[in-house]
Structures are given as C-alpha cells and as structure tokens.
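Novice: One-letter residues, chain by chain:
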Amino acid sequence: MKTNQSEKKRISVVIVGHVDHGKSTLLGRLLAETGSLPQGKLEQVKALCAKNAKPFEYAFLLDALKDEQEQGITIDAARIFFQTPKRHYAIIDAPGHIEFLKNMVTGAAHAQAALIVIDAKEGIQENTRRHGYLVSMLGLKQVIVVINKMDLIQYDQESFEKTQAEYREFLSRFKLEPLAFIPISAFEGENMIHNSEQMPWYQGNSLLTQFDKLEASSTDELVAAPLRFPLQGVYKFTEEGDERRIFAGTLESGSAQVGDKVIFLPSGKQSQIKSIEEFNRPAATRAQAGQAVGFTLSPQVYVQPGELMVKAKEPQPKVGNRFRANIFWMGRTPLIQGKRYKLKIAAKRVSVKLVEVLSLIDASDTGSIQKKQQLDRHDVAECLLETLKPIAFDLYDEIDSLGRFVLVDDYEIAGGGIIIEDRTGQGDLFSEQIRHREEARVLGWLRQPDREKRQGHKARFILFIGDFSQGKRKMAAATEKLLFEHQANTYFMAYTNLNLGLDSDLAAIASDSDEEVRRLGELARLMTDAGMIFITCLSLQDPYDIELLKQITLPNEIFVVSVGENRWNIPGVSLEVAAHANEGAVAQQIVAALEFKTL
Amino acid sequence: MNQIEQLEAKSIYILREAYRDFKNLVMLWSIGKDSTVLLWLARKAFFGHVPIPLLHIDTHYKMPEMIRYRDEMAAKWKLNMIYGENKVALEKKLTFPDGNVDRLTCCRNLKSAALKHTLSGEWPRMRFNHQLGDYEPDQNKEAYTGVIVGVRADEEGSRSKERVFAPRDEESDWNVGDQPPELWNQYKTDFAPGTHLRIHPLLDWTELNIWEYIQKEQIPIIDLYFDQGEGTRCRSLGCWPCTGKVESTARTVAEVIEELKTGKFANIAERSGRAQDKEDGGGLESLRREGYM
Ligand SMILES: Nc1nc2c(ncn2[C@@H]2O[C@H](COP(=O)(O)OP(=O)(O)OP(=O)(O)O)[C@@H](O)[C@H]2O)c(=O)[nH]1
Ligand SMILES: [Mg+2]
Numbered sequence: 000m001k002t003n004q005s006e007k008k009r010i011s012v013v014i015v016g017h018v019d020h021g022k023s024t025l026l027g028r029l030l031a032e033t034g035s036l037p038q039g040k041l042e043q044v045k046a047l048c049a050k051n052a053k054p055f056e057y058a059f060l061l062d063a064l065k066d067e068q069e070q071g072i073t074i075d076a077a078r079i080f081f082q083t084p085k086r087h088y089a090i091i092d093a094p095g096h097i098e099f100l101k102n103m104v105t106g107a108a109h110a111q112a113a114l115i116v117i118d119a120k121e122g123i124q125e126n127t128r129r130h131g132y133l134v135s136m137l138g139l140k141q142v143i144v145v146i147n148k149m150d151l152i153q154y155d156q157e158s159f160e161k162t163q164a165e166y167r168e169f170l171s172r173f174k175l176e177p178l179a180f181i182p183i184s185a186f187e188g189e190n191m192i193h194n195s196e197q198m199p200w201y202q203g204n205s206l207l208t209q210f211d212k213l214e215a216s217s218t219d220e221l222v223a224a225p226l227r228f229p230l231q232g233v234y235k236f237t238e239e240g241d242e243r244r245i246f247a248g249t250l251e252s253g254s255a256q257v258g259d260k261v262i263f264l265p266s267g268k269q270s271q272i273k274s275i276e277e278f279n280r281p282a283a284t285r286a287q288a289g290q291a292v293g294f295t296l297s298p299q300v301y302v303q304p305g306e307l308m309v310k311a312k313e314p315q316p317k318v319g320n321r322f323r324a325n326i327f328w329m330g331r332t333p334l335i336q337g338k339r340y341k342l343k344i345a346a347k348r349v350s351v352k353l354v355e356v357l358s359l360i361d362a363s364d365t366g367s368i369q370k371k372q373q374l375d376r377h378d379v380a381e382c383l384l385e386t387l388k389p390i391a392f393d394l395y396d397e398i399d400s401l402g403r404f405v406l407v408d409d410y411e412i413a414g415g416g417i418i419i420e421d422r423t424g425q426g427d428l429f430s431e432q433i434r435h436r437e438e439a440r441v442l443g444w445l446r447q448p449d450r451e452k453r454q455g456h457k458a459r460f461i462l463f464i465g466d467f468s469q470g471k472r473k474m475a476a477a478t479e480k481l482l483f484e485h486q487a488n489t490y491f492m493a494y495t496n497l498n499l500g501l502d503s504d505l506a507a508i509a510s511d512s513d514e515e516v517r518r519l520g521e522l523a524r525l526m527t528d529a530g531m532i533f534i535t536c537l538s539l540q541d542p543y544d545i546e547l548l549k550q551i552t553l554p555n556e557i558f559v560v561s562v563g564e565n566r567w568n569i570p571g572v573s574l575e576v577a578a579h580a581n582e583g584a585v586a587q588q589i590v591a592a593l594e595f596k597t598l
Numbered sequence: 000m001n002q003i004e005q006l007e008a009k010s011i012y013i014l015r016e017a018y019r020d021f022k023n024l025v026m027l028w029s030i031g032k033d034s035t036v037l038l039w040l041a042r043k044a045f046f047g048h049v050p051i052p053l054l055h056i057d058t059h060y061k062m063p064e065m066i067r068y069r070d071e072m073a074a075k076w077k078l079n080m081i082y083g084e085n086k087v088a089l090e091k092k093l094t095f096p097d098g099n100v101d102r103l104t105c106c107r108n109l110k111s112a113a114l115k116h117t118l119s120g121e122w123p124r125m126r127f128n129h130q131l132g133d134y135e136p137d138q139n140k141e142a143y144t145g146v147i148v149g150v151r152a153d154e155e156g157s158r159s160k161e162r163v164f165a166p167r168d169e170e171s172d173w174n175v176g177d178q179p180p181e182l183w184n185q186y187k188t189d190f191a192p193g194t195h196l197r198i199h200p201l202l203d204w205t206e207l208n209i210w211e212y213i214q215k216e217q218i219p220i221i222d223l224y225f226d227q228g229e230g231t232r233c234r235s236l237g238c239w240p241c242t243g244k245v246e247s248t249a250r251t252v253a254e255v256i257e258e259l260k261t262g263k264f265a266n267i268a269e270r271s272g273r274a275q276d277k278e279d280g281g282g283l284e285s286l287r288r289e290g291y292m
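Residue numbers (numbering that gives the first Met the number 0), protein chains in the order written: chain P, 0 to 598; chain Z, 0 to 292.
Isolated chain P (complex conformation):
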C-alpha cells in the first residue's frame, strides 16, 4: 500500500553549536546529497562564488540573506524541509554567534530534537556549552552530537573520544544523555549519508541513519494526562442569528467530553460541557490534546480569556503566586528585582516580579555556579518569581506546556523559563510592600481623625463596577453631586482621565490591566489619605482585582457598587443596583449607606 505523504510523520530538528563549527555547511551538504535542492541551485551558488572569486560554501545554500553571505555567518535560523524515504524533516539551522542567541532559542523551542555540532579542532566552546543547557531547558530530550571537521585533525580517533567524554560529562549535569556522538566531516561528506572509509574505527550510525532513528513526538502521553485547556477567547458572533457562546482554545493535554464537569482556574467557576464546536467537521462528542476547538457550556459562566479550564474529577494544577523557576534572559537590559514584568504562561498574562536570584549557571567557564542579584543578557539562572495575582500552573516535569512561560520586558519577550517548584505561601512580596508603605509613610501636620471631624465624614473609595454602557458614569456623577450638596469633600474621576495621563505609558492595545489596577489602587490610597470620598467607575471582569484594590487602599475602605448583572461574580459588593437605574435614587442609597454626621 502506498503511504500518504502526510501520514509519514514530520519531525523537526534544530542544528546548534558554536559559531563557525559547520552547522550550515552540514545542512547544505545533507540537502545536496539527498537530492533535496531545487534543480540548478547548487550550480547557481557555485557559479556565483566563482564570479565573485569567493570559495564555494555549502552554507550559502542556507544563509539566504545578503548580510549572511557577506559576513559568512548565519544570522537567523532558517527552516528547511526535506525528506527521506522514512519521513519528513523540518530542519532549523540556528545561528551560533552569541549576538543571535535569541534566534537560536527561537529555533530550538520549535524543534523536537537537536543536533549539536562541535568543531573537532576548536573543541568545546562557550556556545557549545550554552546551547547544550538551553537545549535541555527548552525541553528537547533527543540529542545527537556530531564532532565535525574531522578532516582537519586527520580523522583522529583519540581526540574524537576526548571531546566526546568531555561533552558527555557536561551534558550529564543537565540530565541530558545524547543518543549518539558521530565523527563527521560536513565539508568532505564523511559519515554523513554512509559510513566513512576514512574512519573505520567508528562503528556507529552515519548521520542520516541516526536522523531516521529519531522518534517523532507522539501525542498519546499528552492525551492520557489531565485536561489543560487554556482559554484563548470567548466568542459570540451574532451574525445570521448565531446564538452560540463559544469558549475557544487548544487542548494542551488530556481530553474533554460532552457532559464533563469543568472548573476554570484561578477563578474557580464551574460548569459543564454542553457541546464541542468545530467548523466543517462532523459533530464530535470528544476532543483531545493538540486540537484547537471550542466548547459551549451550561450553565453559562463568565470568565476571562487566560483562565485555565480543567476537569473537576482530575488532578488539579497548582494555583499560586510564587514559584521557583529556571530562567534564561535575552533582554537588552538586565532582569532586576523590584521591577514589574509581564509573565505569559499558557493563555494567561500577569504582572510578575523577580524576588531573588537563587543560583546562576555560567557558560564562559565550565558551567559553575555563581551568586548574583540580577540576570544579564544571556544568563541562565534559578530564580524565585512572584506574580501580582494567582495563576494556574503545573510543574514543568508534570505537564510541560503549563510549566513554561516567557517574560516580557518593555514589549519584548526578553526571557523564558520553566517552573520547578511551587513556593506559594512562603512569603508575599506584595503584602510586604504594602506593609512597608504604611510603616514608612511620612505624615504631614494633619491627622486623619481631625480631617474627618471637620468634614463630618470618613474618607472612602467608591467604585462603580459593571459592564460597559450600564449607566455607571451617570450614577457616579450624581453621587458626586449629592455628596457635594452634603458638604462632603468628594471627587469623581472618569477613568478615561487616568488613561490620558498617569496611565498613558501603558499601551492602549496590549493593555497591562494589572498595572492599571495597581496604579488606581495607589491613587485611591492617596486620595483617601487626603480625606476625600473618591469616586470612579471601572468595567472589572477579574474578581481578583477587587482583592488587590482592597489591599492597596488599606487602611481606608472601599465601597463597591455593582451596576447591572454581576456576571463576573465580583466579590465584596456593598450595593447592587440595576442597569440604568435612576441615578438620583442610586446616589441617595449610597449617601444613606455612608455614615454622615451632618445628615
């Protein structure tokens, strides 16, 4: 029977190693020898070299960019497709120069296996080591090591074995055991496709044979794991009377069936799967790891994109705000303590801080451990991180897709990491900071009780919450008016004004809502400190935001007015009013609820 091409599995392999050790040459040669190049391409590149009086390089077949050919180095990873009778390959040719480490990391993060290239003459270099541990951190378990340019050392067995022993020992520190060490000459084509006559002492596989022995990743294991469904979006497209409210995302692991009881984390909301939605596919009752699908749920729940849907009956992920992780840093500016970064884990985005650097791995010597306060560019270290709000996650060793994350600094993905331990409950940077703020604050001449006595009322933070267009702003303004008529010291701030000024540095689109909430809280703390009844409205959707605001506003109190249906189940509501309720009446109710001496 003829096999369908696509049923032949595709495996992606990244080629890494120190600069100039021959990665692109190796791949160029492989393509040439397996007949994978477009007709005339080899001749064309050779002719071009002759014309420009440059020696021919196989690497020019890959280094397609003009700058790359001029400088003779790879700048960005190229994806190349080729096939053997056994299967399809997507080979990623990564750059070896340290300057382009993030391109190497990008290439490696998309591969299922890695080929590490070491120059036989130069031996193990800084990036041979760095790429080695990055490969291990990025989760690649299948690794082949080739010692290249054997022609330059007269195909000497002894030095091959020496390099092999040294590198094997190095990788073992990261629990990485290569599938094979192969001595080759990429340029001369030795041990590439067939076993080399130059190295009769080598009994192992040729490179291509070893390639065909790599195992394409199978999803069986993932399917058997507990369900992890990061929510990417909740869609309701009303066109042509479509009534479905669809929870869309990709199953990272496990499976889900119609009827399954599910929980969203960290919010804890529960529901049940009513249907599985897909376009142009027969109706299904089950979906499994790897599939990008949608669910409808019953009863209806309101949750934000970024929440994690799991099954009630299966092992639960961790929900916490502090964890230990291995991090590699690629940012232009260092990763430092005290600064807020954005953490992206599965579909969730949350504000995060570096609590402490626990230990640092140094590539320049032999991988020894150092002590440091911050991570500089290209550093790899074990760190303690704390998120502003709790997140749902797994340890990397348990479910890798829920145990890895990236860190965004100033719009750029500047770091990546894997979670190795949950440290929730062991200290809390955020409450400590609030405590410190209250202890260290400097007071003026006036004290709060004096202010309250003269004003005849306490300071308060009145927050109107609810969806857009529910009449919140009218009610807030009416409340301001009525309070003013009661001689109260009050101020209504339209949230827009914050966006226009104080928050104008937070990009409008990729909005950093955690930071917005934090700033609003600090502003409310200052306004209430001035004795004010401070009023604003916000379309809160995350129940945890209220917790944050409460904590930040302490010791002053927050009075929450929920307008319209409280679909997001925001806790701690002091007053519930209907959407578009009469604003004067609402203001009356609020003023009545606040204790007024002068009333």
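Careful, some of the hints might be misleading.
Calculated from the model, a selection of chain P residues having no Cβ within reach of chain Z, i.e. all distances over 10 Å [as the list claims (entries may be wrong)]:
hint, residue
1, Q163
2, E165
3, E220
4, N488
5, S512
6, F558
7, A580
So, partial list: chain P residues that the calculated Cβ filter (under 7 Å) puts toward chain Z [to be verified]:
hint, residue
8, R9
9, F80
10, P84
11, K101
12, V104
13, T105
14, A108
15, Q231
16, I245
17, A247
18, T249
19, G253
20, G293
21, A311
No wet-lab data here; the hints were simulated from the structure. All residues carry an ideal CB built from backbone N, CA and C; glycine is no exception.
Dock chain Z with the ligands against the given chain P, drawing on the hints supplied.
Specialist: Here is chain Z with the ligands on its own, set in the frame of chain P:
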C-alpha cells in the same frame, strides 16, 4: 492527529492569538491557494465566521477569473471584503506591461506601494456592500496595524527566516537581523504604539500540505491552478504578464497532489514562474524588506 491536523490546529491558534491582541487587523487575500487556505482557516478558527476584514490589492493585471472568483466568494461567505490599488501608477502607465518600468519597479508600484498606502488608509479603500452586491468607497480610514499574510517558509530563502508574529517599522521595513524570539507557542503580542505587524499562520506549511488540505476540506479553489486542456497550469498566481505556467495535465486537486508527490517539481522552485524574482540576486529579499509579501 496527523501532520495536516497538527498544522491546522497551530494555524488556528495563531489566528485566535492575533484576534485576541490586535484591534486593527486585516487579512490579505491574493485569491491564490495559500491565502485561500488561510481564509478557510479563519472560518475554522471563528466557527464559520470571518471577523477580520480581507484586503485584496488589485494590480489590474490579475487574470479576470480571479476578480470574479473573489467577488463570488465574498458574497457567499459574507466577507468584509476590501480592495486597494495604485491609481496614479496605473493612470501614468508606470508599469512593466506598458513598457515603462522593469518588472521589479512594477511590483513596487502596483503591489508594495498600493499595499502600504491602502493599509495606512492614505489611499482610498473600496469595500464590498453586500446589499448592493458591489464595491463602494470605505469610510474607515484607520490604519491597519496587524496584517495576516499567507507566506510559507518553503517558498524561498528569505521567507524561511520569518517569524510568525513579525514586527515591521512604520515604513514596513523588515529588520531581519533583530527579530523577536518566539518560544513554544508564545509570540510577541506586546507592541509599542505605532508598531506594525505581519502575522504568518502558514509558515510551517509546504506546498504539498496546502494541496492536501484543500482536498481534505474540499476548499473551492480557482481553476487557474488546473489544466484547462492546454497541457499547462499555474503553480503560483500573480499578474498575468509575469506569471508563467508549468507543463502539467493535472485537472483536479487530487491530480495536482499526485503530480507533486511524483517529485515532478521537487527540483523546481514554486515561484519559478514568477519572473520578478529573478531580477534581483538576493531573491525576493530586497522586495520583501520593503514590504512585499
Ligand atoms: N575543513 C572543514 N571545514 C568545514 C567543515 N564544515 C564546515 N567547514 C567550514 O567552516 C566554516 C564555517 O562553516 P558554517 O557552516 O558557516 O558554520 P556555522 O556553524 O553554520 O556558523 P554560524 O551559523 O555562523 O554559527 C566554513 O568556512 C566551512 O567551509 C568540515 O567538515 N571540514
Ligand atoms: Mg550557520
């Protein structure tokens, strides 16, 4: 899941990610096989709906069948269909078929420049009015800052080095040496105001994958890709003066797949029929750096 299903799932994920994070999104539709697959994937991602406008750059040298097919599909699938063009260059006849400029300059005028100014909103956009069944000037002049494009890594050298979420500066320039890292399925979705972005959901697909998917899903595809009885067909669609045909008697999707599998074209670049590629030693890189797709 087989390979095609995996590719499909990943592209859907990318489309949803783009939709989640960008307000002013647009999807380019060249009517060719890749962008038609992309459009189909959008219908998959959004459960039969296409909540993203589609933009076609009309060079006026497209084969007439393409425009007919475009408008049929727009009506049938209720697409938010927009087109733009380089009116000035067309009026002044600054085109290759008019014999006034070389192929590359023609591409720059009719495609790159038209695209750039249509995206920015400086040049008029025509929008399909479903009631009228015709185009009318679009009132929306806001710049599209996120552009979804159906390029594939296997098409040609510089495309093999693209990112899935690829920033361009305001001039649409591509800084190839300094691209953002992409880890696992985390892409660069945070952007300083004013940044422009290209999104490439098909980067990991090959030509064969595209055809196999067209077959599997029964996607209606324009018949210029098939032999009409002359023993030739198009493998890549562009403007007629610069689009050569390949010798082939494939009349159906299944026959195209068979043909690709025999390795008949294994050694011939897919865009080899596209004459403009050859005028530049760096392949498409120069054009692409300046904003060509
Ligand atoms: N003698 C000899 N030279 C080789 C061999 N393999 C590669 N080279 C040479 O080593 C130089 C660097 O090769 P590349 O393939 O560009 O190295 P690379 O690892 O891709 O370099 P970067 O991508 O920039 O990190 C070139 O001049 C090659 O011709 C080999 O097996 N023997
Ligand atoms: Mg290289």
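Novice: The structure should be examined with respect to each hint, and the outcome stated for every one.
Specialist: Okay, the hints, checked on the actual structure:
Distance to chain Z confirms P:Q163 as a non-interface residue, since its nearest Cβ pair spans about 30 Å, more than 10 Å. Every CB of chain Z is more than 10 Å from the CB of P:E165 (nearest about 29 Å), matching its label as outside the interface. In this structure P:E220 is separated from chain Z by more than 10 Å, as the shortest Cβ-Cβ distance comes to about 13 Å. Against chain Z, the non-interface label of P:N488 holds: every CB pair exceeds 10 Å, the least being about 37 Å.
With a cut of 10 Å on Cβ distances, P:S512 stays outside the contact zone with chain Z, its closest approach being about 13 Å. At the 10 Å boundary, the C-beta of P:F558 stays outside the reach of chain Z, the nearest C-beta of that chain being 33 Å off. The claim that P:A580 lies off the interface holds: its Cβ sits roughly 32 Å from the closest Cβ of chain Z, which is beyond the 10 Å cut-off. Residue-level restraint check for P:R9 holds (minimum Cβ-Cβ distance to chain Z is 5 Å; threshold 7 Å).
Look at P:F80: its Cβ gets to within about 5 Å of chain Z, closer than 7 Å, so that hint holds up. A hinted interface residue such as P:P84 counts as satisfied when its beta carbon comes closer than 7 Å to some beta carbon of chain Z; here the least separation is about 12 Å, so the hint is violated. Because the closest C-beta pair between P:K101 and chain Z is about 4 Å apart, less than 7 Å, the hint holds. For P:V104, the interface hint holds, since its Cβ comes within 7 Å of a Cβ in chain Z; the closest pair sits about 6 Å apart.
With a cut of 7 Å, the hint placing P:T105 at the interface with chain Z holds, because the nearest CB-to-CB distance is about 5 Å. The interface hint given for P:A108 holds, since its Cβ lies 4 Å from the closest Cβ of chain Z, which is under the 7 Å cut-off. For P:Q231, the suggested interface contact is upheld, since its CB lies about 5 Å from the closest CB of chain Z, less than 7 Å. Interface hint status for P:I245: upheld, as the beta-carbon distance to the closest one in chain Z is roughly 6 Å, under 7 Å.
Taking 7 Å as the C-beta contact cut-off toward chain Z, the hint placing P:A247 at the interface holds, the least distance being around 6 Å. Interface restraint check for P:T249: the shortest CB-CB distance to chain Z comes to about 5 Å, inside 7 Å, so the restraint holds. This hint is violated: P:G253 has a C-beta 14 Å from the nearest C-beta of chain Z, more than the 7 Å allowed. At a threshold of 7 Å, the smallest CB-CB gap from P:G293 to chain Z is about 6 Å, leaving the interface hint in force.
Checking P:A311 against chain Z: minimum C-beta separation of about 25 Å lies over 7 Å; hint violated.
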